[in-house]
Every structure is written in structure tokens, then in C-alpha cells.
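Chemist: This is what each chain is made of:
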Amino acid sequence: MAKRKGRPFDLKSQPGFTQIAWGCVVFLYAPILVLIAFSFNANRSVVRWTEFSFDWYVAAFQNEGIRNAAIVSLKVATSATLVATTFATMAALATTRTAPFRGQGVAFGIINQPLMVPEIVTAVVTLSFFALVKQITGLTGIGYLILAHTVFCIPFAYMPIRARLEDMNLTLEQAAADLYATPFRIFRRVTLPLMAPGILAGAMLAFVVSLDDVIITLMISGPGETTLPIYIFGQIRRGITPEINAVSTVLLGVSVLLVSSFFLIGRKKA
Amino acid sequence: MSSDDGLIEIVNVTKAFGTGERRFLALGGVNATIRKGEFFTLLGPSGCGKTTLLRLIAGFELPTSGEILLDGQEIGHLPPYRRPVNTVFQNYALFPHMTVAENISFGLEMLNKPKAEIASTVERMLALVKMSELAGRRTDQLSGGQQQRVALARALAPQPKVLLLDEPLSALDLKLRKEMQVELKRIQHETGITFIFVTHDQEEALTMSDRIAVMAKGNILQIGSPSEIYNAPAARFVADFIGDINFIEGQVVVAGEKTAQIRLPGGQVLTARASRPVEGPVTLAIRPEKVGLRHADDDDVPLSGTVTNLVYFGSGTNVHVDVGLGADIVARATAPKVALGDRVGLDLHVTDLSVLAE
Ligand SMILES: Nc1ncnc2c1ncn2[C@@H]1O[C@H](COP(=O)(O)OP(=O)(O)OP(=O)(O)O)[C@@H](O)[C@H]1O
Ligand SMILES: [Mg+2]
Chain G
1 MAKRKGRPFD LKSQPGFTQI AWGCVVFLYA PILVLIAFSF NANRSVVRWT
51 EFSFDWYVAA FQNEGIRNAA IVSLKVATSA TLVATTFATM AALATTRTAP
101 FRGQGVAFGI INQPLMVPEI VTAVVTLSFF ALVKQITGLT GIGYLILAHT
151 VFCIPFAYMP IRARLEDMNL TLEQAAADLY ATPFRIFRRV TLPLMAPGIL
201 AGAMLAFVVS LDDVIITLMI SGPGETTLPI YIFGQIRRGI TPEINAVSTV
251 LLGVSVLLVS SFFLIGRKKA
Chain E
1 MSSDDGLIEI VNVTKAFGTG ERRFLALGGV NATIRKGEFF TLLGPSGCGK
51 TTLLRLIAGF ELPTSGEILL DGQEIGHLPP YRRPVNTVFQ NYALFPHMTV
101 AENISFGLEM LNKPKAEIAS TVERMLALVK MSELAGRRTD QLSGGQQQRV
151 ALARALAPQP KVLLLDEPLS ALDLKLRKEM QVELKRIQHE TGITFIFVTH
201 DQEEALTMSD RIAVMAKGNI LQIGSPSEIY NAPAARFVAD FIGDINFIEG
251 QVVVAGEKTA QIRLPGGQVL TARASRPVEG PVTLAIRPEK VGLRHADDDD
301 VPLSGTVTNL VYFGSGTNVH VDVGLGADIV ARATAPKVAL GDRVGLDLHV
351 TDLSVLAE
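So the sequences go chain by chain: G and E. Numbering follows my numbering, with no gaps: position 179 of the first sequence is 179. Numbering follows my numbering, with no gaps: position 142 of the second sequence is 142.
Since the hints were made in silico from the structure, they are not lab data. Quick caveat: nothing in here was measured; it's all calculated off a predicted structure. The beta carbon of each residue, even a glycine, is placed where N, CA and C say it ideally should be. It is possible that some hints are incorrect.
Below 20 Å or equal to it, Euclidean Cα-Cα: the simulated SDA-like pairs (lysine to any residue) are [what the hints assert, rightly or not]:
(1) E:K113 to G:R189
(2) E:K175 to E:Q159
(3) E:K161 to G:Q174
Using C-beta positions, here's what the derived DEER-type ranges look like [said to hold, decoys possible]:
(4) E:K217 to G:S13: 53 to 59 Å
(5) G:S13 to E:V311: 33 to 39 Å
(6) E:K36 to G:L82: 52 to 58 Å
(7) G:G143 to E:T19: 18 to 24 Å
(8) E:N112 to G:M116: 45 to 51 Å
(9) E:A119 to G:I215: 36 to 42 Å
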């Protein structure tokens with residue numbers, strides 16, 4: 001083939017490439033497909049298919065434990081996303097729109113720290129720190145959980161926003177200043193609209209990450225603060241039920257929806 | 001024109017980047033007066049400080065020392081949005097989230113002009129740059145030439161006192177570039193706005209400008225009309241940078257009011273134009289097309305020599321003549337009747353032969 005002559009190494013033509021690729025796809029997605037399929041199974045079994053039904057979705061929806069967990073999850077994820085995205089936006093502006101300052105690399109490292117430290121370490125450290133704070137102040141409540149989520153959501157929100165700002169042509173802001181826009185109006189009319197897709201993408205990523213978190217939540221959450229993943233985790237120890245499959249499918253749907261919109265929005269040209 | 005036509009005055013402006021070891025003087029004491037309504041060009045090689053000077057006038061950089069006056073008012077320390085000066089950026093910098101019309105109206109909105117006035121000005125600007133049909137387009141769907149026009153309209157809409165253009169044509173291909181040169185001149189004429197134009201293309205500078213400032217290494221070497229710059233270059237660098245030129249070294253023997261007699265190493269004596277008293281060793285300069293070809297045994301030819309090379313280039317031929325001065329002297333003629341090895345005389349007229357200030 002004439003086309004292959006120009007490429008000395010073509011991965012696709014290596015022996016076994018197709019088989020390995022398909023193997024990966026199957027191992028990744030087969031369990032998910034099974035899970036989705038059995039959430040629609042009329043039977044109680046999660047291994048034997050009988051017939052199609054929405055029963056488990058109805059059951060899950062009527063299950064008070066699941067409902068409460070879902071509400072806690074949404075509450076925590078929404079609050080953490082809002083706060084984290086705000087901080088991430090400010091951090092991204094500070095690390096891209098100011099003259100290079102001493103310790104910029106350190107600042108960058110600190111913002112991204114939650115990505116690099118093993119989550120279990122963060123979880124243990126946060127737990128003992130919060131225990132100390134609780135003892136001193138006597139304050140309790142869901143605020144601690146939201147705070148912990150906010151912290152690990154920040155780097156996820158920060159990355160797409162920063163990428164967006166770095167892509168943005170700096171002369172656009174200069175052009176706005178040249179055309180009599182004051183710094184505030186430059187931000188309102190040029191910087192913010194152009195970074196909006198990055199902010200949205202960051203917020204969605206943060207939301208998904210918060211929604212999915214297990215380890216930190218497991219450590220921090222107090223009584224009545226059970227999130228969906230924790231609830232599922234608790235139930236599964238008593239065996240998998242199609243009800244859990246249904247909840248997982250819904251969670252999966254939300255994640256897929258948000259992550260694909262994240263990519264679609266992120267791809268929009270700057 | 002008298003000097004009180006001065007719209008912009010640049011007084012002893014210096015600009016240093018960095019500090020300590022890495023301190024770099026991008027502009028080392030620039031002085032210039034730009035007149036109202038003129039097409040003023042900053043010409044110079046890459047890195048000579050053209051963009052830096054433009055950014056100082058626009059307000060994107062602050063001068064290290066010196067003053068920038070606009071209509072007699074010091075503006076050198078005002079932020080960009082407080083200066084009645086607009087810029088056409090090299091990469092156009094059009095707002096990608098706005099339409100063509102929204103881009104053009106941006107400056108007027110920031111000046112809080114009434115809606116009706118904005119609408120009519122935008123329409124006028126669209127017509128001026130011949131973009132009326134594309135008013136509703138998004139700017140990323142425009143060609144390079146169209147983006148250029150929008151950038152121009154956007155910068156002209158607020159009717160600035162001065163329009164700054166930083167190599168606005170360098171991204172265009174040759175044909176479009178020639179077209180836009182003509183367009184730019186027309187638009188400047190129609191609007192009457194003062195243009196400060198940056199280029200490193202000497203031909204572009206010569207064809208478009210009312211006056212040119214030739215820059216090198218952070219300094220302005222000469223300011224003058226295109227013909228002054230071309231025919232009476234003040235410095236060797238200016239002469240060399242613009243077009244082809246012959247240099248002849250010699251010693252001043254008689255210094256007059258407006259002319260000087262210079263003895264060449266071979267003993268010949270040339271009379272040259274000198275705008276100021278000169279002495280000692282000097283360099284003379286003459287354009288190839290000003291060097292006349294004569295018979296070697298004609299009377300009063302100051303130099304003669306042998307033809308060493310003939311270079312044909314379409315509209316003429318360059319005749320290289322070895323007159324015993326080291327470098328050949330090049331004479332340009334449309335159809336010279338000479339052959340390699342011929343002995344020829346060279347006529348160097350006093351008005352075309354200038355003494356350079358080193
Ligand atoms: N922000 C800056 N920091 C440090 N040095 C700079 C900065 N801006 C410009 N310079 C230096 O100042 C000098 C002049 O730069 P300038 O951009 O004005 O050149 P120019 O004449 O516009 O060149 P070109 O034709 O390549 O655009 C260059 O040597 C450049 O490296
Ligand atoms: Mg430049």
C-alpha cells in the first residue's frame with residue numbers, strides 16, 4: 001500500500017494489536033454492560049436473566065436509605081463544586097494572568113497536591129485534623145464533609161480552567177484595554193466569556209469527582225451523612241442486589257453525561 | 001510644516017527590560033515628533049525596538065525614563081484605556097466570541113457612546129473597509145485579509161488621535177499585501193487620522209510613508225521623507241538598510257559650506273555633498289542608479305576602471321567596475337553598451353554623492 005510506505009512504524013499493523021485492543025475494551029466495558037443489563041432484570045438474581053423490567057429502579061427510588069444518600073451526595077457535590085470552582089478560577093487567574101512571581105512553581109504544586117498524595121493519606125490526615133477542630137470548637141455537621149470534598153475538587157476544577165486561560169491569546173485583553181475597557185470591563189467582556197467553557201468543564205469534573213468519592217468520605221462522614229457510594233459500599237457487603245445495580249447505572253449515566261459534556265465543551269475553540 | 005504641528009512628541013525615551021545582569025536597553029534615548037495627519041513609519045531590522053516604541057505609545061509598557069506627549073499632555077504613564085490611541089495588532093487580536101460588528105462597536109461601547117451613534121459609526125466603518133456584507137459573521141470564519149480589515153475598522157471606530165499599526169501586513173501574501181498597502185493609504189486619506197506604522201520592509205516604508213524613522217539597536221538614526229532617507233542617508237546603516245548603495249572611503253582635503261573635497265586612497269579627488277562641516281576620514285555613499293557610465297578617456301571623469309561583472313535583473317543591468325578601491329563600484333543602467341574587461345569612466349555627480357555621518 002502506498003500509504004504505508006511513508007510510515008516506517010505503524011502500530012496498527014503490529015501482530016496482536018487488534019486482539020489486545022479488543023481485550024481491553026471487553027474487560028473495561030463488559031462488567032459495566034452486565035451491571036446495566038441486570039439492573040433491568042425482573043428477577044432478584046444478578047446472574048440469571050429472566051425478563052425486562054423497571055422494578056429495581058422503582059424499588060431503589062422508593063428506598064428511603066438510597067433517597068437520603070442521593071440527597072446527601074447531591075448536596076455535598078453541589079456545594080463542593082461551587083466553592084472549589086470559585087477558588088480554582090481565582091487560582092487559575094492568579095497563576096496565568098500575573099507577572100511570573102517567585103514561588104509560582106510551589107503554588108502550582110500546592111494547588112495540585114491532592115492529585116499527588118495518596119488519597120488514603122489525605123483521608124487519615126483530614127480525619128485527625130477535623131477531630132482536633134471538632135474538639136476545640138465543638139462544631140459538628142455536614143460542613144466538614146463539604147470542606148474535605150472542596151479541597152480535593154479544586155485541582156480537578158483548576159486544570160481545565162488553567163488550560164483554557166493559557167490557550168487564550170493575551171493580546172485579546174490588551175486589545176480590550178486599547179479599546180478603552182477598564183480592567184473590570186476587560187474581565188467581564190473578554191476574559192470571563194472566553195474562559196467560561198473552561199470553568200464549566202472544571203465544575204463538571206469537580207462534580208463527578210465529588211459524587212464518586214469513597215475513601216475520604218468514608219473517613220469523614222458522620223451519622224446521617226451517608227453518600228451514595230458509601231451506601232452502595234455498605235449494601236454490597238450483604239451481597240449484590242439489582243437495586244444497587246439500578247443506582248449504579250444512574251450514577252454511571254450522570255458521570256458519562258457530565259464527562260462527555262466536559263470533553264465537548266473543552267474542545268470548543270478558544 | 002512647522003514643529004508646532006507636532007501631535008506626538010517622544011522626548012528622550014528609554015526603555016530597559018529586566019534588572020541587574022539581565023538588564024537590556026531596548027530603547028536608548030529616542031526623540032521624535034510625529035505630525036498631525038501624517039503617515040509615519042518606524043523602519044528597522046528585527047529587534048531594533050519598533051514594537052517596544054509602539055507599545056510605549058499605546059500604554060502596554062511604561063518608559064524607563066523620558067516623556068511621551070500627546071497634544072502637549074504627558075501620556076507616558078497613563079494606562080492604555082485612558083489614551084486616545086488605538087492599535088492594529090500584528091495577529092489582529094479580534095475577539096473570537098463576538099461578531100464582526102460587535103468587534104467594531106466594542107471601543108465605542110467602552111466609551112459609553114449612545115446606541116444610535118454606535119450603530120451609525122459601525123455602519124460607516126464597515127463601509128470604509130468594505131466589510132458591510134459580513135457584519136454578522138463570527139471572526140474565526142474570516143480570511144486573513146478580512147480579519148485585517150475588521151481589525152482596522154475596530155481600531156478606527158473610536159476615532160483615535162493616533163492609529164498604531166504593528167506590521168499589520170506581514171501575515172498576508174504578496175498580492176494581498178500590495179492591495180492592502182493601497183487600501184491603507186486610502187483609508188488614512190479618508191479619515192485624516194495620524195498613522196504610526198511599523199515595518200521592517202524598506203520598500204513598503206518608501207511607498208507608503210510621509211516620513212520614515214529608521215531605527216537600529218534601540219535608537220532612531222534618521223527621520224525624513226522617503227526621498228530624503230533614500231537620497232541623503234545620514235548614516236551608513238541607513239544607506240545600507242535601504243536599497244543598494246556604494247560606499248567609498250576617503251580623507252577630507254577641503255571642507256566647504258555645503259560640499260567637501262575628498263581624496264581617495266588612489267589619489268583621485270571627489271566633490272561630495274556634506275550637510276555639515278566634515279573632517280578626517282569619511283565615507284561617501286552613492287546609489288548605483290546615480291552612477292553614470294562614460295568613456296574611460298572622457299575629460300573630467302573622476303574615476304575609471306575595468307568592468308568585472310555584469311548582472312542582468314530584468315529592468316536593468318548592474319555593471320561592477322573595479323576602480324582600484326578594494327570593493328567594486330556598481331553602476332545601474334538600462335542597457336549598457338559595455339562588455340566584461342572594458343575600461344569605463346564613472347561619473348559621480350556632487351548632488352548624488354553624500355558624505356555619511358558615521
Ligand atoms: N518584555 C520583554 N522583556 C525582555 N526583553 C524584551 C521584551 N520585549 C522586547 N524585548 C527586547 O527588546 C528588543 C526590541 O524588541 P522589539 O519587539 O521592540 O523589536 P522589533 O523592532 O519590534 O523587532 P521585530 O521586527 O522582530 O518585531 C529585542 O531585543 C527584544 O528581545
Ligand atoms: Mg516587532
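Chemist: When the hints from earlier in the document are held up against this structure, which numbers fail?
Modeler: 2, 5, 7, 9
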